[in-house]
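K.L.:
Sequence:
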Amino acid sequence: MVAVGDIMLGRGVRRTGVPDATELVAPDLLGRLDGDIVTGNLECLIGFRGTPNPASHSHFQGDPEMARPLLELFDVVSVANNHFGDFGDDAVDETLDWLDKIGVRHVGIGNSAEAAADPAIFHIAERKIAIFGATTVGNLPANSRYVMATPGRDLYRRVEDLSGKGYRCILHLHAGGGDVCHPAPSIRRLMSEVRQAGFSLVFGHHPHVAQGVDKAASGVVFFSLGDFVFDKLEDGRDQALALTIAMGATVSEDKIEVDIVQRGGDLRLSLLSGSSKEIALRRFHDLSREISSGASDTLYLEWRGSKWKRFLQSIRADWKAGGLGAVAAKVQRIDARKLTDLLFRR
Numbered sequence: 001m002v003a004v005g006d007i008m009l010g011r012g013v014r015r016t017g018v019p020d021a022t023e024l025v026a027p028d029l030l031g032r033l034d035g036d037i038v039t040g041n042l043e044c045l046i047g048f049r050g051t052p053n054p055a056s057h058s059h060f061q062g063d064p065e066m067a068r069p070l071l072e073l074f075d076v077v078s079v080a081n082n083h084f085g086d087f088g089d090d091a092v093d094e095t096l097d098w099l100d101k102i103g104v105r106h107v108g109i110g111n112s113a114e115a116a117a118d119p120a121i122f123h124i125a126e127r128k129i130a131i132f133g134a135t136t137v138g139n140l141p142a143n144s145r146y147v148m149a150t151p152g153r154d155l156y157r158r159v160e161d162l163s164g165k166g167y168r169c170i171l172h173l174h175a176g177g178g179d180v181c182h183p184a185p186s187i188r189r190l191m192s193e194v195r196q197a198g199f200s201l202v203f204g205h206h207p208h209v210a211q212g213v214d215k216a217a218s219g220v221v222f223f224s225l226g227d228f229v230f231d232k233l234e235d236g237r238d239q240a241l242a243l244t245i246a247m248g249a250t251v252s253e254d255k256i257e258v259d260i261v262q263r264g265g266d267l268r269l270s271l272l273s274g275s276s277k278e279i280a281l282r283r284f285h286d287l288s289r290e291i292s293s294g295a296s297d298t299l300y301l302e303w304r305g306s307k308w309k310r311f312l313q314s315i316r317a318d319w320k321a322g323g324l325g326a327v328a329a330k331v332q333r334i335d336a337r338k339l340t341d342l343l344f345r346r
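Each residue of the sequence shown is one higher than the last, beginning at 1 in full-length UniProt numbering.
Take the hints with a grain of salt, since some may be wrong.
What the hints assert, rightly or not - Simulated DEER-style distance windows between Cβ atoms:
1) 23 to 292: 38 to 44 Å
2) 128 to 52: 38 to 44 Å
3) 217 to 23: 20 to 26 Å
4) 69 to 113: 33 to 39 Å
5) 285 to 178: 19 to 25 Å
6) 127 to 295: 31 to 37 Å
7) 34 to 279: 23 to 29 Å
8) 34 to 252: 24 to 30 Å
9) 23 to 90: 26 to 32 Å
10) 90 to 17: 24 to 30 Å
11) 312 to 268: 37 to 43 Å
12) 268 to 90: 31 to 37 Å
Stated by the list, open to error - Derived BS3-like pairs (lysine-lysine); straight-line CA-CA distance at most 25 Å:
13) 128 to 232
14) 232 to 165
15) 232 to 277
16) 215 to 255
17) 215 to 165
18) 232 to 255
19) 255 to 165
20) 215 to 309
21) 128 to 165
22) 232 to 215
23) 128 to 255
These aren't lab readings, by the way, just hints derived from the structure by calculation.
Each residue gets a CB set at the ideal place from its N, CA and C atoms; glycine is no exception.
Given only the sequences and the hints, what does the whole structure look like? Please build it.
P.N.:
Here's what the structure looks like:
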């Protein structure tokens with residue numbers, strides 16, 4: 001299995017003008033996108049339909065002809081994230097139909113909470129694998145006929161059922177704060193929860209930068225794989241993780257190779273090697289140790305400062321992006337989990 005993080009083919013990536021998105025990927029990296037299962041998080045719509053969602057700060061939509069050669073390399077993508085609702089339901093319809101047409105399965109969205117929790121099922125070399133997608137930061141309009149999967153009852157019931165039938169359950173989880181290499185304490189708790197629910201592999205994304213990994217007998221959690229294809233380079237966003245996983249019968253038998261993807265000023269991607277890779281991997285291992293020891297909580301809180309100040313900054317950004325409608329949409333997305341974190345936790 002090969003796993004990468006956020007794939008965004010709109011905005012600056014679309015403006016590169018390359019007719020084929022694989023032209024942005026160095027041959028050695030392109031060759032890595034070859035496994036029994038290749039998966040990632042598709043953080044944009046594909047096509048031309050739809051109307052910009054005022055609740056979105058940025059609107060991402062890729063060109064089908066440009067996107068097709070790259071996305072055809074993927075077997076399944078998660079679409080549960082904070083940009084798949086950027087252009088409303090018509091654009092979602094168009095993108096899901098297009099993915100079906102090119103043979104790429106999609107998880108994390110559906111016409112009901114139950115349907116959104118449906119996984120992509122694979123049977124490979126006597127291994128039974130179920131891949132799910134979920135998010136805590138979905139941006140579908142309030143009147144959408146779609147639902148994005150979230151961590152909770154519907155998702156955990158499916159995992160319990162499939163785990164009992166011998167499936168290895170894997171989750172793409174789009175959650176966490178942006179542009180920070182340490183997960184929030186609330187995200188550490190959430191990742192522990194989904195692992196306890198039965199996910200033996202978790203691929204996190206949304207922070208835009210690479211974060212560490214936490215390994216336990218029950219499962220392995222990569223907190224953030226970072227931006228695979230994107231148009232931003234600052235604050236560490238120019239590096240991401242690419243995972244190659246030889247799956248065993250149990251978590252302890254899995255063999256996971258971590259590669260570092262470097263994005264240049266022209267948005268082209270390459271694999272780090274030699275001393276550059278060694279330095280990046282040392283940083284990754286340091287981040288992982290900080291997660292395992294709990295030191296990442298303190299480092300995150302030092303970075304964040306006052307949670308109320310940060311929350312008000314977020315509200316102001318919503319107001320600037322879409323006025324009262326965008327602020328109202330944010331308030332509607334504050335569920336019990338987020339409210340508890342805001343009121344009672346650090």
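K.L.:
Each hint needs a verdict: does it hold in this structure or not?
P.N.:
How the hints compare with the structure:
| no. | hint | in the structure |
| --- | --- | --- |
| 1 | 23 to 292: 38 to 44 Å | holds (39 Å) |
| 2 | 128 to 52: 38 to 44 Å | holds (41 Å) |
| 3 | 217 to 23: 20 to 26 Å | violated (43 Å) |
| 4 | 69 to 113: 33 to 39 Å | holds (34 Å) |
| 5 | 285 to 178: 19 to 25 Å | holds (23 Å) |
| 6 | 127 to 295: 31 to 37 Å | holds (35 Å) |
| 7 | 34 to 279: 23 to 29 Å | holds (27 Å) |
| 8 | 34 to 252: 24 to 30 Å | holds (26 Å) |
| 9 | 23 to 90: 26 to 32 Å | holds (29 Å) |
| 10 | 90 to 17: 24 to 30 Å | holds (26 Å) |
| 11 | 312 to 268: 37 to 43 Å | holds (38 Å) |
| 12 | 268 to 90: 31 to 37 Å | holds (32 Å) |
| 13 | 128 to 232 | violated (37 Å) |
| 14 | 232 to 165 | violated (42 Å) |
| 15 | 232 to 277 | holds (21 Å) |
| 16 | 215 to 255 | holds (12 Å) |
| 17 | 215 to 165 | holds (24 Å) |
| 18 | 232 to 255 | violated (31 Å) |
| 19 | 255 to 165 | holds (23 Å) |
| 20 | 215 to 309 | violated (33 Å) |
| 21 | 128 to 165 | holds (9 Å) |
| 22 | 232 to 215 | violated (30 Å) |
| 23 | 128 to 255 | holds (17 Å) |
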